Structure formats: structure tokens, C-alpha cells
Amino acid sequence: MNRFIIPVLVFLALAAVLFVGVRHSPNKSTMVSALLGKPAPAFELPVLGDATRTLDSRQLAGKPWVMNVWGTWCVECRIEHDTLLAIARQNRVPLVGLNWKDDDEAAQQWLAQLGNPYGVVAADREGRTAIDFGVYGAPETFFIDADGLVQYRHVGAMTPEVWEREFLSRLPQAALP
Amino acid sequence: MLPELGQFALVLALLLSAAQAVFGLWGAHRVDARLMAVVRPAVAGQFVLVSTAVGVLIHAFVNFDFSVLYVASNSNSALPTFYRVAALWGAHEGSLLLWIWILAVWTLAVATFSRHLPASFAMRVMAVLGIVSFGFLLFTLYTSNPFERLPLEQIPADGRDLNPVLQDPALAIHPPLLYTGYVGFAVAFAFAIAAMLEGKLDQVWARWTRPWTTLAWCFLSVGIALGSWWAYYELGWGGYWFWDPVENASFMPWLVGTALIHSLAVTEKRGLFKSWTLLLAILAFSLSLLGTFLVRSGVLVSVHSFAADPSRGMFILAFLVIMIGGALTLYGWRAPLLKSPAGFDAVSREAFLLYNNIALVLAALVVFIGTLAPLVNDALGLQSISVGPGWFTRTFPFIALALVVLVSIGIHAAWKRGKLSDNRRRVAIGVVLALVLGLALSLGAYGPGKWLSLIGVVLGVWVIVSSLFDPIDRLRRKLSLPRAIIGMTIAHIGLGVCVIAISTVESYTVERDVALGAGETVSLGRYAYRFDSLQPVEGPNYDGVRAQVTVLRDGKPMAVLHPEKRNYWVQRSVMTEAGIHSRWNMDLFAALGEDLGEGRWSVRAQLRPLIDYVWLAAGLMALGGGIAASDRRYRSRQSAEAAAAASTSTAGAA
Chain R
1 MNRFIIPVLV FLALAAVLFV GVRHSPNKST MVSALLGKPA PAFELPVLGD
51 ATRTLDSRQL AGKPWVMNVW GTWCVECRIE HDTLLAIARQ NRVPLVGLNW
101 KDDDEAAQQW LAQLGNPYGV VAADREGRTA IDFGVYGAPE TFFIDADGLV
151 QYRHVGAMTP EVWEREFLSR LPQAALP
Chain U
1 MLPELGQFAL VLALLLSAAQ AVFGLWGAHR VDARLMAVVR PAVAGQFVLV
51 STAVGVLIHA FVNFDFSVLY VASNSNSALP TFYRVAALWG AHEGSLLLWI
101 WILAVWTLAV ATFSRHLPAS FAMRVMAVLG IVSFGFLLFT LYTSNPFERL
151 PLEQIPADGR DLNPVLQDPA LAIHPPLLYT GYVGFAVAFA FAIAAMLEGK
201 LDQVWARWTR PWTTLAWCFL SVGIALGSWW AYYELGWGGY WFWDPVENAS
251 FMPWLVGTAL IHSLAVTEKR GLFKSWTLLL AILAFSLSLL GTFLVRSGVL
301 VSVHSFAADP SRGMFILAFL VIMIGGALTL YGWRAPLLKS PAGFDAVSRE
351 AFLLYNNIAL VLAALVVFIG TLAPLVNDAL GLQSISVGPG WFTRTFPFIA
401 LALVVLVSIG IHAAWKRGKL SDNRRRVAIG VVLALVLGLA LSLGAYGPGK
451 WLSLIGVVLG VWVIVSSLFD PIDRLRRKLS LPRAIIGMTI AHIGLGVCVI
501 AISTVESYTV ERDVALGAGE TVSLGRYAYR FDSLQPVEGP NYDGVRAQVT
551 VLRDGKPMAV LHPEKRNYWV QRSVMTEAGI HSRWNMDLFA ALGEDLGEGR
601 WSVRAQLRPL IDYVWLAAGL MALGGGIAAS DRRYRSRQSA EAAAAASTST
651 AGAA
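As they're listed, the protein sequences go chains R and U. Residue numbers 1 to 177, in this note's numbering, belong to the letters of the first sequence in order. Residue numbers 1 to 654, in this note's numbering, belong to the letters of the second sequence in order.
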């Protein structure tokens, strides 16, 4: 065999590895949350639009829930908003909004104008809770199971495909109609 | 309307790049001047069209057209104009457009300066560049259109702002330089492919290829240095190199490119190493493509990677397989046909250049393994491991120092028949001078440090001394001093300076992380940092705090530093701006850490000797390359033949 063929063989082996890497990476290695499989960070935050109430994450324990991190300053949040509304209409799992470092008034106006997909919105004005969750940039969406463990993290705008594949599939069978 | 025009221009450019590729290859194959006549106008047209697209996007940024998704995501009405233009390459889509535009510029340059080359060869070179351009244009239009519009009801009143990390002059200009280097290797790659298609590779080919390759290498050197400088003062980490995947992605093509320019020297002077030179040309560009792939696909996590999108990753991978796989297959088929004329001795200049090539490729391999090991592990389903800086610091310095030794000895060797005894005097003088000066510098100025650093300083001095023998000798004998030799000497001095600076920084840096309140002092040997006060600051699109830190030496104030912590409003991110005072022999560095409450802050205080010389050294290397690339013999045919004949007898591998 001629030795000049070796480079192309080495390259093809590497390409195969990269292929596997690309296939698996978006959910596994790129944006893995250090929290996967670990308990979701606890928080107690004021509820947006109701100064008298706070949302304690312990209230959510016992069944799966989804947390969406958003802000009125975030372009992609606007893009995913219609998808979130559609998801809310399915009414499969509680959708909690984490309004990240935002202006309360602007946030309420946004929800009044575009529709409110969230069961409840917690106002994370300082961004501490987002830091606890390791948020990289809005929008991000987390799936937390009945045991309070973070099972999935999606970075970027939510799409119906991602919702179907990564979130609905994680719901226990009983929750499906 | 305008953004659609930009997109349409890209579609037309795609068609022209296809024409450039098809007519170039077909015309060269049929040796038909009418077919070939299409190619140069296609190149020029493509340049005009891509420039139009770039202009349209800049226009959208400058005029706050937030109906364009990319503009809305990467700028803001409070963003200064300079950064609104630089925001063009602030994220994935615009970076790709920049890549394509730089390729169009290089291709235009090749089309302009290739008229003295055989027509069929020049056509094939441009055809290969056309294929590269086609792939990138298709990628842009298919997965990453920078002109994508937002639906009317989703157009925001204001944009999301440019990533604050990028709002810095050095970072704003470093991607274009880096890309110019990356893309420049496409020219060397195209020359290699064209040579294999023709089945002919001679010394004239190497002379054509050399200036292009050297120029690309210069740009890459400056780009890497600027990126490293930026990381130093902007990220507040206080070092010059972090073995971050994205840094490595630019370093690998640089190492292989360095090997390539030396291997090309041998191919030009002696007609040797032909298949090796071809392989390096393919590898340098492949690593440039891989760099784009690593940064853009989000396969590897890094502080720099912006987007994670699997469809993009797949496209780039397919493109890599076609380009690199195709090139290497062609290589496997054609390289065995290339014959090298004669052998050489084990201590000749050829031999030393071969050894240095091996060292450089080995260094690139070490970086490659360190960068991709986590990925390979992941793909094989093993535990995700991180090959941290430990891997690099345990391996890389030894290869680098071996390389420096090879340079210091090999630089004296003659072509073809070297004899060690001929150079014994120069080597001996060099070693003695290096030991005396190196030890004096290291121990005299800084006192005892790490062994490896001591060796590094001595070897760095040795390279500088060694590279000065030949030019001094030429001046004494009143011989001409061609630019090739001047350039080579400056670049090698740059290498020496770089090794000395890195060795010194590694061994003699003093740093402390402490909590300080107003009026408190932390001492670093003879120096002390006094935390004076903290004031609020406000910029065009951020606010923050700025500390005043006075540096004292032996109790006397010598400099005032102003480290900042900035809070960018729109992206809600906090950025560190280090306070740095550069003196000729060291940097005084302070960065603000966390607010610990009650007026106390964690402060990172550092003294970094000679650190600025690391970047200065990269500048020297690039300068040397630029001077060498402008050597007379590359410029016209006749003088080229004459110069080649003259320099073969006198040696000199710039």
C-alpha cells in the first residue's frame, strides 16, 4: 500500500468521530448544564404583577414543571413567544416564567400585549436565580421532574420540535392523555 | 428592501463562484482560452457582489435597521458607531460573510497577480478558490443568512446589543486579521491542488506559492497576538495564553503554516520535500477550516463560541469531508508520482529544516490532541474528560525548546552537504554568549527561578545570537543583504524574544488575590498595591465602578491603575476591565473581582515581567515575514530566475 494514502485514512477516521460528536453534541456536550440530574436550585422570588405574593420553588415540588427564562430585552424571546403560547394551550405541564433582570412594568406590558403563556412568572430582578441555574443567555428552558431534579436544559428559542422531542417525551406516561 | 438586495447579491455571487470553478477546471483541461476568459471576470464580479452584501449589512447596522434579525441581535441604539460596524462580525452569520469577503479579496489578488503564471495553472488555482467560495456561500445562504428579516410585529424597538466581550478595539479588529490569515492559507491550498491536478511541481511552483503563504502567516501571527492581548486585559485573567479551544484553533494552522513556509523554502531552493510541502499546504488550510468548524459548530465549549446549532455543524462537516477528503485523496493518488532529485546529508540545512518541520508538526499534534480529546472521548461514549492546561504545559514547552535548539544550530548549516565541523565555531560562540547573557539576564535581574525558565531564557538568547551571525558576516564581507535574509533574521529574533519573554513571565510573575478595602495595601516584594477609592463610572451603553489603585515601589508611588467593573445595560452582563500600567520591563496589573460588601473588593494584583514582549515578538515575526515576502525575486520573472540562481549558491532560507 502506498504511504501517501495514510493521511486521507486518518482524516476519514477523524471525520467519523466529528460526525458522532456533532450528532450528539447539542444536547450533551455543548450546553450541558452542571445541574443535569441534580436538584434544581431553590428560590423564593416575588411574583410578577402581584407585590403581595412570592413564588417559592418548594411549592412546585411533587410534579414535573418547566421553567422558561425570558426578558423583554431579548429578541429571541419574542420569537419563541408564539410557541410558548401554543405549549400553554396544550396544558400538559406547568410553565413557570423567570423574568430575568427586567423591568416589571415592561414585562407586564409585554404579557398583556402578546398573551401570557405562563402559569406564574417570578421576577428575578437581580438575576441571582438565573446565576444559580447557570443561565448562559435568554431564552433558556429547563425541565424539572417530579423529584425536583433538573432533567433537561434547552438554550435558545423554543421550537415545537424541541418541545415534542425533549420536553413532552420526559413527562411520565400518566401525564399524557 | 436593501437587505433583500444584499441577499440577492450573495445568490448571484454563489452562481459566479460556480462559474469560476467550472470554467476554470474545464478551460484548463481543454486548454481553451474562450472558456478560461470567463474566470477572471467571475472573480471580479464576485468581489463586487460580496462587497455589496457587506456594505448593505454595515448600512443596516449603522442605520439601526432592527428589522434585520442579525442587526437586532447584535447591536443597540446606544452602541457607538465603531462597534456598530465591528458588530458585523460580532456573531456567526456576519463572521461567515466576513470570511467570504476576505476570500473574495484574496481571490481578486490572485487573479490580478497571476498573469505571469501559465494560464492553465492560474485557472486551476482560481477554480479551487471558487469551490471554497461556493461552499461557504452555500453554507451562509442555507443555514446562516445574515439578512434574515423579523416579521413586522416582532421588530423590536431596540436591539439586543453586541456581546460586551467584543466591545473592545483589539477584539473588534482581531477577527478580520485572523480570518485574513486563515483564508490566506486557502491560496496555498489552491496552489497545491492545482499542482497536483497538473501533475507537475517544480521549484518555480514553490517560488510562486511562497509569498502568498508567508503573507497569510503574517496576518495569522498578528491576529493571534491581538486575540491573546485582548484576553489579557479584557478577561481579567492576567495571562497571555489559556489553551482555550478557540485559541488553539488558531494556533494549529499557525504551527503547520510555519512548517509550510520552511518546507517551501527547501522545495524552492533544492527541489526537495515536494510531497511533504503539498501535505502541509493541505493541512494548514484544513486546520483553518477545522478552526472555523470548532468555533462555529459549538462542538467544543469555550468562552468564545457563540452559537450551537447542529445543522450548521453537519453542513461544515460535510464541507470538510468534501474539501479535505477530496484533497487528501488527490494527494494519495498524485504525490507518489513526484520525484525529488537528490538526497542530502543528515546535518545539511535541508535536514535541519526537516527536523524543525517534524518538531512543528509534533507541536501542532499535541495541541490537536489536547483540543479534540474531550470530543473524541465524548463520541466514544467515555466519561467526558477535560484535557486541561496541564496536558499542554507538560508537553508543549519541551517540543518548543527542542525546536529552538534545532533553529539555533540549523541556521548555520549549509545546503546539501553540511559538515558539523564547519559550524563548530559559530555554534560554540553562540552557546557561550547565550549562557553568559541568558544567565545574567535571568539570575541577575530576577534571581533564581524555575529550571525550565532558565533554560528557556538561555535558548532564547541563543536563537537571537545565532540568527545574527549570517547578516553580520554578509555586512562585513560587503555582500548584498536581500530582504529574504533580513526578514528571516527579524522573524527568528522574534522567536527568541518570544521564548525569553514567556520563560520570564512563567517564572517571575508575582501575583496575589486579596480582599481590600479603601486605604488598605497588599505587598508584592518591593512593590505594594494600595486600594485608594472606588467611583461610579458611566459609558455610552454601560455603567459600573472604577477603582483607583496606587502602586508603590519601596514606599514611593510609581503608577496609578484604574481597574473597572462594567455592567452593560442591554445584555445585562458584567465585564472586567483590568487596570494595567506597562513599563519597559514589566506590567503592573490589577483587576477587580467580586464586591465583598462594606466597601471591600477582591482584588487581583500582579507583576508580570516582560509580558508585553510576547506580543511584540509576534509583531517581529509578522514583520519579518512581510519583509521576506516582499523580496525582489518574487516580483518579476527575470529577476526571480537570477535571484534564485544567486541565492542557491549563498544559502539563506527565509
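Treat the hints with care, since some could be wrong.
To be verified - Here are the simulated SDA-like pairs of lysine to any residue, each with C-alpha atoms no more than 20 Å apart in a straight line: (1) Lys101/R with Val574/U; (2) Lys200/U with Glu76/R; (3) Lys101/R with Lys200/U; (4) Lys63/R with Pro39/R; (5) Lys339/U with Phe4/R; (6) Lys101/R with Glu76/R; (7) Lys101/R with Asn541/U; (8) Lys419/U with Ser348/U; (9) Lys101/R with Ala157/U; (10) Lys101/R with Leu197/U; (11) Lys101/R with Pro156/U; (12) Lys101/R with Val570/U; (13) Lys101/R with Lys339/U; (14) Lys200/U with Pro118/U; (15) Lys101/R with Lys419/U; (16) Lys38/R with Arg3/R; (17) Lys101/R with Pro39/R; (18) Lys101/R with Asp543/U; (19) Lys101/R with Met575/U; (20) Lys339/U with Arg3/R; (21) Lys101/R with Ser348/U; (22) Lys101/R with Lys63/R; (23) Lys339/U with Gly544/U; (24) Lys101/R with Glu594/U.
No wet-lab data here; the hints were simulated from the structure. Here the structure is a predicted model, which means the values were calculated and not measured.
Going through the hints against the structure:
1. Between the alpha carbons of Lys101/R and Val574/U the distance comes to roughly 13 Å, so the proposed pair stays at or under 20 Å and holds.
2. Between Lys200/U and Glu76/R, the direct Cα distance comes to roughly 54 Å. Violation of the 20 Å bound is thereby established for this hinted pair.
3. A hinted pair counts as satisfied when its Cα atoms are at most 20 Å apart, and Lys101/R with Lys200/U does not qualify at roughly 64 Å.
4. At most 20 Å may separate the alpha-carbon atoms for a hinted pair to count; Lys63/R and Pro39/R meet this at roughly 13 Å.
5. Restraint check: the Cα-Cα separation between Lys339/U and Phe4/R comes to about 13 Å, which is no more than 20 Å; the hinted pair holds.
6. At most 20 Å may separate the alpha-carbon atoms for a hinted pair to count; Lys101/R and Glu76/R meet this at roughly 16 Å.
7. About 16 Å separates the Cα atoms of Lys101/R and Asn541/U, which keeps this hinted pair within 20 Å; it holds.
8. For the hint linking Lys419/U to Ser348/U, the alpha-carbon distance of about 7 Å falls within 20 Å, and the restraint holds.
9. Using a Cα cut-off of 20 Å, the hinted pair Lys101/R and Ala157/U holds, with the two alpha carbons roughly 18 Å apart.
10. At roughly 59 Å between alpha-carbon atoms, Lys101/R and Leu197/U are farther apart than 20 Å, so this suggested pair is violated.
11. As the CA atoms of Lys101/R and Pro156/U are separated by approximately 18 Å, the hinted pair is consistent with the 20 Å bound.
12. Between Lys101/R and Val570/U the alpha-carbon distance is near 10 Å, which keeps this suggested pair within the 20 Å criterion.
13. This hinted pair does not check out: Lys101/R and Lys339/U have alpha carbons roughly 67 Å apart, beyond 20 Å.
14. Restraint check for Lys200/U and Pro118/U: satisfied, since their Cα atoms lie roughly 12 Å apart, inside the 20 Å limit.
15. At most 20 Å may separate the alpha-carbon atoms for a hinted pair to count; Lys101/R and Lys419/U exceed this at roughly 72 Å.
16. A C-alpha spacing of about 51 Å is found between Lys38/R and Arg3/R, which places the hinted pair above 20 Å, so the restraint is violated.
17. For the suggested pair Lys101/R and Pro39/R, the alpha carbons sit about 23 Å apart, so the restraint of at most 20 Å is broken.
18. Of the supplied pair hints, the one linking Lys101/R and Asp543/U holds, its CA atoms being roughly 15 Å apart against a limit of 20 Å.
19. Between Lys101/R and Met575/U, the direct Cα distance comes to roughly 16 Å. Compliance with the 20 Å bound is thereby established for this hinted pair.
20. A distance of roughly 15 Å separates the Cα atoms of Lys339/U and Arg3/R; the hinted pair therefore holds under the 20 Å criterion.
21. As the CA atoms of Lys101/R and Ser348/U are separated by approximately 67 Å, the hinted pair breaks the 20 Å bound.
22. For the suggested pair Lys101/R and Lys63/R, the alpha carbons sit about 27 Å apart, so the restraint of at most 20 Å is broken.
23. Of the supplied pair hints, the one linking Lys339/U and Gly544/U is violated, its CA atoms being roughly 66 Å apart against a limit of 20 Å.
24. Proposed proximity of Lys101/R and Glu594/U is supported: the alpha carbons are some 19 Å apart, at most 20 Å.
Checked against the numbered hints given earlier, this structure breaks hints 2, 3, 10, 13, 15, 16, 17, 21, 22, 23; the rest are met.
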